[in-house]
Amino acid sequence: MITTLIEKPSRSIWQRWRWLLWVVVIGALYDWTISGLKFTGLQESAGVVSRSIMAGLVHPQWSYVYDGSGEDLVSLILQTLAIAFLGTIVSAVISVPFAFWAARGDHERFFVRSGSGKVVLTLIRTFPEIVLAIMFIKAVGPGSYAGVLAVSIHSIGMLGKLFSEAIENMNRGPEEAIVSAGGRSGQVFGLATLPTIMPEFFSYTLYRFEIAVRSASILGMVGAGGIGTPMIFAIQTRNWPKVGIILLGIVIMVLLIDSLSEQLRKRLI
Amino acid sequence: MEEAPIISFKHVNKIYSNGTVGLKDINFEIPQGQFLVVVGLSGAGKSTLLRTINRMHEITSGEIKIDGEPIQTYKGQALRLLRRKIGMIFQGFNLVNRSSVERNVLSGRVSYYPTWKTLCGLFTQADREMAVRSLQRVNLADKLYTRADELSGGQQQRVAIARTLMQEPKIILADEPVASLDPLTTKAVMDTLQRLNREDNITVIVNLHSVPLARQYADRIIGLQAGQLVYDRPISEVTEADLNDIYVTEAVQA
Amino acid sequence: MSIPEVPRRSWIQRWHVKGIAVTGLLLVLLVASSRMTGVDVGMFFSNFGQFLNLLVRMSHPAWEYTNVIVQPLLETIQMAILGTTIGAALAVPFAILSASNLIHNRFLRGLTRLFLDLVRTLPDLLLAAIFVAVFGIGSTAGVVTLAIFSFGMVSKLFYEVIETIDMGSLEALTSVGASKVTIIWYAVLPQILNQFVSYFLYTLEINVRASTVLGYLGAGGIGVFLQRSLNEFNYSQTAVIILATLAVVLVIDGISNHLRRVLL
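Protein chains in written order, with the working numbering: chain A, 45 to 313; chain B, 251 to 504; chain C, -3 to 260.
Isolated chain A, as found in the complex:
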């Protein structure tokens, strides 16, 4: 029996029963997961609260949309977009040197330079954005300025990574052409590298802007400006009609920005 199995090299015992091992591992994982979470402490009012939220969503507080105070929905949505826009632009500029640092070079030995750059970008990417926002609030006080700084720094992690991958995959031909025409390294960069890579940088920046709009709308929850601040207050005071109108505002803003950005990116390619 055993010998016949061994004689069949195409499917060893291990290969034949491997799936069972996976089932056991995954089963144990889910057992651990579910047993570890406590679903106690559910509020009895959950049903009531969700009903009132629904009611709030259906009857939003329209008066909040615009009242000229500068604290209304439209003003704060614009402020949210401003945070995302400024943060993304600043981050895109700072990301360029980071990207060249982290992009693997053809003649690099052991990838010390690019490897260290990649590690730094991973650390930046993993550092939670709201912690950054809280830290910047300590530095510049609560408000949208702290939000701009948080978005600017946090986005470097992702933009730097995307940019550096674009650099690694870019067509090196134009650079070679300028070198062979007797160009200096600055000229090679300005006449070949930048114009070749810019469209991709621009497209990634737009993509990141879409994400930044979403983060900017929640950074206010910790006090870093934008629509998040009135949102968290409305939730805490259970002012559901106001929550409803703010949610509506955020959904419309994000949908608009996403489709706008998609149109722009299509035109670029």
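Hints are computed from structural coordinates only; laboratory data are not their basis.
Heads up, a few of these hints could be off.
With a cut-off of at most 35 Å between alpha-carbon atoms, the simulated DSBU-like pairs for lysine-lysine come out as follows [as the list claims (entries may be wrong)]:
#: 1; chain 1: B; residue 1: K315; chain 2: B; residue 2: K274
#: 2; chain 1: B; residue 1: K335; chain 2: B; residue 2: K260
#: 3; chain 1: B; residue 1: K420; chain 2: B; residue 2: K437
#: 4; chain 1: B; residue 1: K367; chain 2: B; residue 2: K260
#: 5; chain 1: B; residue 1: K420; chain 2: B; residue 2: K260
#: 6; chain 1: B; residue 1: K367; chain 2: A; residue 2: K310
#: 7; chain 1: B; residue 1: K274; chain 2: B; residue 2: K420
#: 8; chain 1: B; residue 1: K325; chain 2: B; residue 2: K335
#: 9; chain 1: A; residue 1: K310; chain 2: C; residue 2: K176
#: 10; chain 1: C; residue 1: K14; chain 2: B; residue 2: K367
#: 11; chain 1: A; residue 1: K82; chain 2: C; residue 2: K152
#: 12; chain 1: B; residue 1: K325; chain 2: B; residue 2: K420
#: 13; chain 1: B; residue 1: K260; chain 2: B; residue 2: K437
#: 14; chain 1: B; residue 1: K367; chain 2: B; residue 2: K325
#: 15; chain 1: B; residue 1: K335; chain 2: B; residue 2: K367
#: 16; chain 1: A; residue 1: K162; chain 2: A; residue 2: K182
#: 17; chain 1: B; residue 1: K420; chain 2: B; residue 2: K315
#: 18; chain 1: C; residue 1: K152; chain 2: A; residue 2: K310
#: 19; chain 1: B; residue 1: K260; chain 2: B; residue 2: K274
#: 20; chain 1: B; residue 1: K325; chain 2: A; residue 2: K162
#: 21; chain 1: C; residue 1: K152; chain 2: A; residue 2: K162
Between beta-carbon pairs, the in silico distance windows are [said to hold, decoys possible]:
#: 22; chain 1: B; residue 1: Y395; chain 2: C; residue 2: L107; range: 44 to 52 Å
#: 23; chain 1: C; residue 1: L107; chain 2: A; residue 2: W145; range: 52 to 60 Å
#: 24; chain 1: C; residue 1: L25; chain 2: A; residue 2: E212; range: 26 to 34 Å
#: 25; chain 1: A; residue 1: L312; chain 2: B; residue 2: Y395; range: 13 to 21 Å
#: 26; chain 1: B; residue 1: A491; chain 2: A; residue 2: E212; range: 44 to 52 Å
#: 27; chain 1: C; residue 1: A17; chain 2: B; residue 2: R378; range: 23 to 31 Å
#: 28; chain 1: C; residue 1: R10; chain 2: A; residue 2: E212; range: 58 to 66 Å
#: 29; chain 1: A; residue 1: W76; chain 2: C; residue 2: L242; range: 20 to 28 Å
#: 30; chain 1: A; residue 1: G91; chain 2: C; residue 2: F40; range: 15 to 23 Å
Using N, Cα and C, we set each Cβ at its ideal position, and we do this for glycine too.
Given the coordinates of chain A, work out where chains B and C should sit on it, guided by the hints.
Structure of chains B and C alone, referenced to chain A:
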């Protein structure tokens, strides 16, 4: 042919850092104004040979002279001036796709400008007119303001030739210039190179893997095989059988 | 020497109207944004001392705090796994309904996709804030948040996978008279299962990152401790939490990347 050769190779060797032999004891001379075609299978060292002439690749030992001057010691400005004198055409055209034809052609003029002027796009009126004339010579003046990626492959390659004309080169190196083109556009590109060779007396060195094309355009054909120079004859003495040998023997060895 | 004949450019091209307009628009937007957000470079540097002080205090992590946060970190991972699983399971029917090669009814498909687009507009922390209000403080709100968040993301990834199915093998089976179940089992599943699992793992990575901050609003996991340490200005504890989170995220990313490479 008594005048001094414009390019001479003496015992040139090239070994890559991973130990692969690129070129092995290459010796030959090229007189000014010759149309030289280098043939051989891919991997035979044609590209390497071409790129050692403008120091895009460094050689391991031996000596390359251009205009009687050894080029191995050139650095900085001297190296850039050497490269200005030698135009280069690539298989992939190497244009900036999203820039206009004008800008691509003007970029051939980089070595005449300080860095900041090129970055600001401050090219002189004289050079802009020169760009138009270069394009006229490749019959593409009407595409001056077109974006490079809106042109066909053959047109792009001719733009690339116009770009090297901006360097006012004495030598043009063309590395498989027609490998990614169809027969019709191939003819346009090769004719352009031939015209520059005849009208301006520019020395042209072309890598080709097509034997019929080589026979049609070359003044002289040299053959490479595994980094060695195995064949070198003026076109009048080249026979079909010779050229087939260059390909067949290698194929048998491999 | 006369100027050679050149093609004519319209005045829009000649004066680079488009380029100048785009640059101008960007500049106006930049200035307007900085006005609106009250950006003040000077202020950042005048308060830099405070920021530096914070960093200095964070650079002395209270290592003994590690023991306290092991349990909440594990809870964070559990939240992410359960949330992603529920979200992915919910996503499968919606993905099928949105796939253009399976559902030919444009109206139904459009409606499903619109719904998914709407779900995707909501940021994770916003969902967390709402669900904490509904379910109360604790990991339930976190799980539900992550489930909905990953539902939006996974359903889009899944239907894009389904749309890449090679319909040729489906037709081959239909032509030999196979039943619907057979077709799905032998022709559809093998093509998409690995991709599904790969995207599931990818979403799990994102959810692990997200789940570490959800607790900041009371939705369970390590975020609760993050918020506590920040409120108590106990930055040496904050530092430990951030470092531990980093480690967990990197380990999960590593495992997930490895599994995905094996799968594809």
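Do the hints match the structure? See the list:
no.: 1; hint: B/K315 with B/K274; in the structure: holds (17 Å)
no.: 2; hint: B/K335 with B/K260; in the structure: holds (21 Å)
no.: 3; hint: B/K420 with B/K437; in the structure: holds (23 Å)
no.: 4; hint: B/K367 with B/K260; in the structure: violated (40 Å)
no.: 5; hint: B/K420 with B/K260; in the structure: holds (21 Å)
no.: 6; hint: B/K367 with A/K310; in the structure: holds (33 Å)
no.: 7; hint: B/K274 with B/K420; in the structure: holds (26 Å)
no.: 8; hint: B/K325 with B/K335; in the structure: holds (15 Å)
no.: 9; hint: A/K310 with C/K176; in the structure: violated (38 Å)
no.: 10; hint: C/K14 with B/K367; in the structure: holds (23 Å)
no.: 11; hint: A/K82 with C/K152; in the structure: holds (30 Å)
no.: 12; hint: B/K325 with B/K420; in the structure: holds (20 Å)
no.: 13; hint: B/K260 with B/K437; in the structure: holds (34 Å)
no.: 14; hint: B/K367 with B/K325; in the structure: holds (23 Å)
no.: 15; hint: B/K335 with B/K367; in the structure: holds (21 Å)
no.: 16; hint: A/K162 with A/K182; in the structure: holds (29 Å)
no.: 17; hint: B/K420 with B/K315; in the structure: holds (14 Å)
no.: 18; hint: C/K152 with A/K310; in the structure: holds (19 Å)
no.: 19; hint: B/K260 with B/K274; in the structure: holds (11 Å)
no.: 20; hint: B/K325 with A/K162; in the structure: holds (33 Å)
no.: 21; hint: C/K152 with A/K162; in the structure: holds (29 Å)
no.: 22; hint: B/Y395 with C/L107: 44 to 52 Å; in the structure: holds (47 Å)
no.: 23; hint: C/L107 with A/W145: 52 to 60 Å; in the structure: violated (47 Å)
no.: 24; hint: C/L25 with A/E212: 26 to 34 Å; in the structure: holds (31 Å)
no.: 25; hint: A/L312 with B/Y395: 13 to 21 Å; in the structure: holds (20 Å)
no.: 26; hint: B/A491 with A/E212: 44 to 52 Å; in the structure: holds (47 Å)
no.: 27; hint: C/A17 with B/R378: 23 to 31 Å; in the structure: holds (24 Å)
no.: 28; hint: C/R10 with A/E212: 58 to 66 Å; in the structure: violated (38 Å)
no.: 29; hint: A/W76 with C/L242: 20 to 28 Å; in the structure: holds (23 Å)
no.: 30; hint: A/G91 with C/F40: 15 to 23 Å; in the structure: violated (47 Å)
Checked against the numbered hints above, the structure violates hints 4, 9, 23, 28, 30; every other hint is satisfied.
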